[in-house]
Amino acid sequence: MATESHQPPSASAVDAHTGHDTGHDAGHDHGDDDGAVHVHIASTQFYVGIFVALVCLTIMTVKVSYYDFGPANVIVALLIATTKAGLVATFFMHLRHDKLFNTLTFLAAFLFLAIFIVFTYDDLGRRGQIDNDYGGTIDPKTGLAAPGGLPATTATINDVEGEPPAGPATTPAGGEKKE
Amino acid sequence: MANVSESLPEKAGHGEHAHAHPSFLQHHFDTPAQQFNASKLGMWIFIATEILMFGGLFCAYAIWRGLEPDIFDQSHHFLNKIMGATNTVVLLFSSLTAALAVRSSQLGKRDQTSIYLVITILCAVVFLVVKYFEYAHKFHLGLLPGHCFGHPYFSAAIQNGHEVGTCLRIHSDEMPGSPLWVRAIDESGHEQLLPPRANMFFAIYFVMTGLHAVHVVIGMSILTWVLVKNTRGRFSKEYFTPVDLGALYWHLVDLVWIYLFPLLYLVGKPD
Amino acid sequence: MAAVDIPAIGGHEADAHGDGNAPYLTAKRGIMSWVYTVDHKRIGLMYLMMVSIAFLAGGTFALLVRLELFSRGKTIVDAETYNRFFTLHGAIMVFLFIIPSVPAALGNFFLPIMIGAKDVAFPRLNMLSFYLYCIGVVILLASIIGGSVDTGWTFYTPYSVQTANSVISMTFGVFVLGFSSILTGLNFLVTVHTLRAPGVSWTRLPLFVWGMYATALMQVLATPVLAITLLLLGAERFFGIGIFDPKLGGDPVLFQHFFWFYSHPAVYIMIVPGMAINSELIATFSRRSIFGYFAVAMSSIGLAILGFLVWGHHMFVAGMSEFSTMLFSALTMLVAIPSGVKMFNWTATLYKGSIVWASPMLYAMSFIFLFSIGGLTGLFLGTLSVDVHLTDTYFVVAHFHYVMMGGTVMAFLGGLLYWWPKMTGKMHDELKAKIGFVFVFIGFNLTFMSQFIMGSRGMPRRYYDYLPQFEPFHRASTIGSWILAVGLFTTGYTLLEALWKGKRAPRNPWGSAGYEWMTETPVPLANFRQTPVITRGPYDYHLATPEELATGWDEISEKPAAKKTSQATKKD
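Chains as they are written, first to last, in my numbering: chain A, 1 to 179; chain B, 180 to 450; chain C, 451 to 1022.
Next up, chain A with everything else stripped away, as it sits in the complex:
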């Protein structure tokens, strides 16, 4: 262990409260400062406050899940989750006082993910919308929608669209097992 305090590259290596962005993004990033690392340091109480908010949101999202909003269930859950994620990213991950480009990188990931999910989901949601026979989502025999393609040939799987079998009696003989 080195015992003597090494002379840091600059007098004030850590700027405890300014939180100013270290330089612009052109050329070397130390154009206008001393080349040392400057970061914003929040207080412990502040971090604990964020944690408390996150726990409250967690409790909220669990409580809310006992109510049925129909299709809005997902939206409500995602809104709360995004708020939580936003708190974590902004404060725990220091994006608030970090370089803007890091935030852009983070958001770009979500943007491209959204492109991926929206286009793919849109395709599956619209199969057979214009031409029923196209896309293979309609079972020609029953006229029912067959999720993800035509149903398989075994009898049991066809039952998925209708009533589930009441019990072992409806299944082919010899196949049941009870543990």
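FYI, nobody ran anything at the bench for these hints, they're computed from the structure.
Ideal Cβ placement from N, Cα and C applies to all residues, glycine included.
Keep in mind that a hint or two might mislead.
Under 7 Å between C-beta atoms, here's a sample of chain C residues computed to sit facing chain B [as the list claims (entries may be wrong)]:
1. Ala-571
2. Ile-632
3. Leu-639
4. Val-640
5. Thr-644
6. Val-670
7. Val-675
8. Ala-677
9. Phe-689
10. Ile-693
11. Leu-698
12. Gly-699
The following label-pair restraints were derived from C-beta to C-beta distances [unchecked claim]:
13. His-40/A x Gly-389/B: 30 to 38 Å
14. Gln-980/C x Val-268/B: 54 to 62 Å
15. Val-308/B x Leu-949/C: 31 to 39 Å
16. Val-305/B x Val-48/A: 14 to 22 Å
17. Gln-980/C x Arg-96/A: 56 to 64 Å
18. Gly-684/C x Val-297/B: 29 to 37 Å
19. Asn-471/C x Val-407/B: 32 to 40 Å
20. Trp-404/B x Gln-980/C: 32 to 40 Å
21. Val-308/B x Val-48/A: 18 to 26 Å
22. Ser-400/B x Ile-595/C: 31 to 39 Å
Among the chain C residues that face chain A by a calculated CB cut under 8 Å, a handful are [unchecked claim]:
23. His-643
24. His-707
25. Phe-711
26. Ser-713
27. Met-770
Use these hints to put chains B and C onto chain A, whose structure you have.
Quick look at chains B and C alone, frame taken from chain A:
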């Protein structure tokens, strides 16, 4: 004040111009700020790749849930909301301690940093233990992905009889390995009959949470490495980048779980 | 520079990694100095060696495939083996050669030099990336030996789930290669953002760097999805999770969505670096500032972003919804805009330029010609109504070979010849390089133009056998592949010959204004003796001093070199 001291000049070559280059500064960087910014940007880009990797699974989840909303509703009752919420809070707390570890490191308080890192790692262990109990329960019920769905191989533990209750598997025909129905009691005490297609819910559940658990383990390893380095005095007010990056990775693990928890455990029709 | 008060700058005379001014090739000696190297130049060279071997292997399979198709029925192998051959040709060429070729080999070598940096931002990550690539190669080779794969490089389900071949190990190899690709991309992005020398502003970034930047964006954003796709494919095979299986409630077309969300950007990961090299070549050998610098730079970024919006055009007949096919078809048309911007700006750069017909320029010009054909036939295929008829015919095969081979490989060869003096310190024989080019050009066009004709007449791709009316075209194509091979071997020989017989290369043999030519040849370990301070753009021939544009032949004592100058560069 030992905390502020520089790390050992373990790379002998750096010492030659140590008056200009602190020992932690790699030769191709000019200033500590430049190195710090590069490391941070690199970590954020890495986080973006991780988000997109998990994103593929979220896409698969969205598609499947869109295709089979009823089976989703039926299946998601087998996930224990309380355990999920507990794990959420555990991870959030570990995120807090990770953030505080970075703060201590930025202030040069080495011992405090170590304590916070230890708490973070312990939280990760707690998370994995809770996860183990959740997984074990699914195994007991035979609620497993693909061919394993309802497979009798996993039934031995059911004889123990505790919260599992009865679990009934029904062969659809005599072919070995053919799809099975599973009758079991869910987390809210209702008996459910799950069709073979419900295996997909558990497939997605296991792949998503499994990949997340892998990330938890990786995060623990990274934090342990950081902890060891920290106790050896490699970090200081001027150089805390590994603590910062390790914590960022850990927050990412938290972020993914923040989305996994409601999407798997909560959304869907309540009883 | 502004921060002159920081004594570290330029102070690497006694650098930690040895003498920064020693030539990188001889600064350290011995095999271990290569194994443990973190120097981006050495890693670039090692990558170059590996991708060249991959190119040789992939090319061999291509020749075998063509040979099999020389006559109808069985020519050399049976149908099963044929399936493996084209799969291996595709997989090796895509994953082992084209994707890492330009970024990992030439990009690694020149990106830091072109921005005046001493290395990439994370040298050890760079080394890891290289070794991951090597591991990926080993796994791929192992799976070839242990059963091979006959799914085509696309691994489409359900066949890839059912076939008894070593799909798992193959996809695992690709998975590892993906990580290698991500690390390279990540490194480049951070390097460009944080390590630019004083004066290298975003508007002075060489277009090669812009192209690498755009490529890195795609590598970073798309490759993770490939990783998860292959993970799901593995889970599907191991556990039968059914996410791609309609019997269990999944959707086979979903695999294609997953796959092409990566692989369409991957197509641009392949072509954008080629365009990036071409911008450098056109500017240097026209002795002109590139026309529309900003537009060319932004078109690279535009391609990177559009690459994420058009993946559906690979799936028009796969059973996608009609609405999606129309949407993707319309979006695909947008790709023509940035591509067109590049083409027109290159031709405008040539206009009234002092064109030097050096061998790299021949490749650059053929890039423009061949990429026009490849790009425009891409528009046919992007048009929904036409694509329905052309899907999975040789028209598609010819189209993407015109883009991949006629575009990227041509640019790669041009870039190799262009930068070979800087990389190795030796000049190649221009005459041999030009002869090689003629063979490559003729052979390439003969091979693939006949495939356009076959494809438009309905010859399906990947077929082992064909109808009698296609025989002349298949024969022409096979003969073309031989001519192409002769050309490639000639070019390869020319480059290798330069290593021991070539004359010593001067600092700037082509008289370029680019930043990478400012440093000496061979490149010092730290790239520049002093961190350069840049005061002009990389294509500002009107601002460059005569010293900067001087070829430097006179600095070299060898007498015959002077004769070479007039031969190689002084057409104007």
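Results of checking the hints against the structure:
The beta carbon of Ala-571/C comes within 5 Å of a beta carbon in chain B, closer than 7 Å, and the hint placing it at the interface holds. At its closest, the beta carbon of Ile-632/C sits 6 Å from a beta carbon of chain B; the interface hint therefore holds under the 7 Å criterion. About 6 Å separates the beta-carbon of Leu-639/C from the nearest beta-carbon of chain B, less than 7 Å, and the hint is met. The restraint placing Val-640/C at the interface with chain B holds, with a minimum CB-CB distance near 5 Å, inside the 7 Å limit.
Because the closest C-beta pair between Thr-644/C and chain B is about 4 Å apart, less than 7 Å, the hint holds. Taking 7 Å as the C-beta contact cut-off toward chain B, the hint placing Val-670/C at the interface holds, the least distance being around 6 Å. The beta carbon of Val-675/C is positioned within 7 Å of a beta carbon in chain B (closest approach about 5 Å), and the interface hint is therefore held. For Ala-677/C, the suggested interface contact is upheld, since its CB lies about 5 Å from the closest CB of chain B, less than 7 Å.
About 4 Å separates the beta-carbon of Phe-689/C from the nearest beta-carbon of chain B, less than 7 Å, and the hint is met. Against a cut-off of 7 Å between C-beta atoms, the interface hint on Ile-693/C holds, since the closest Cβ of chain B lies about 6 Å away. A cut of 7 Å between beta carbons decides the hint on Leu-698/C: the least distance to chain B is about 6 Å, and the hint holds. Evaluation of the Gly-699/C hint against chain B yields a held restraint, the C-beta minimum of about 4 Å falling below 7 Å.
A C-beta distance of roughly 37 Å is found between His-40/A and Gly-389/B, which places it inside the suggested range of 30 to 38 Å. Between Gln-980/C and Val-268/B, the C-beta spacing of about 56 Å keeps the proposed range 54 to 62 Å intact. For Val-308/B and Leu-949/C, the hinted distance range of 31 to 39 Å is not satisfied, since their beta carbons lie about 60 Å from each other. In this structure, Val-305/B and Val-48/A meet the distance hint of 14 to 22 Å, their C-beta atoms being roughly 19 Å apart.
The hinted window of 56 to 64 Å between Gln-980/C and Arg-96/A is violated, with their beta carbons roughly 38 Å apart. The given range of 29 to 37 Å is respected by Gly-684/C and Val-297/B, whose C-beta atoms sit roughly 36 Å from each other. Taken as a hint, the range 32 to 40 Å holds for the pair Asn-471/C and Val-407/B, whose Cβ atoms sit roughly 37 Å apart. Between Trp-404/B and Gln-980/C the Cβ separation comes to about 37 Å, which falls inside the hinted range of 32 to 40 Å.
The hint said 18 to 26 Å for the Cβ distance between Val-308/B and Val-48/A, and at roughly 25 Å that hint holds. Between Ser-400/B and Ile-595/C the Cβ separation comes to about 33 Å, which falls inside the hinted range of 31 to 39 Å. Checking His-643/C against chain A by beta carbon gives a least distance of about 7 Å; that is within 8 Å, so the hint holds. For the restraint placing His-707/C at the interface with chain A, the shortest Cβ-Cβ distance is roughly 5 Å, inside the 8 Å limit, so the hint holds.
With a least beta-carbon distance of about 5 Å to chain A, the hint placing Phe-711/C at the interface is held under the 8 Å criterion. Of the supplied interface hints, the one on Ser-713/C is violated, with its beta-carbon coming no nearer than about 13 Å to a beta-carbon of chain A, more than 8 Å. A hinted interface residue such as Met-770/C counts as satisfied when its beta carbon comes closer than 8 Å to some beta carbon of chain A; here the least separation is about 5 Å, so the hint holds.
Checked against the numbered hints above, the structure breaks hints 15, 17, 26 and satisfies the rest.
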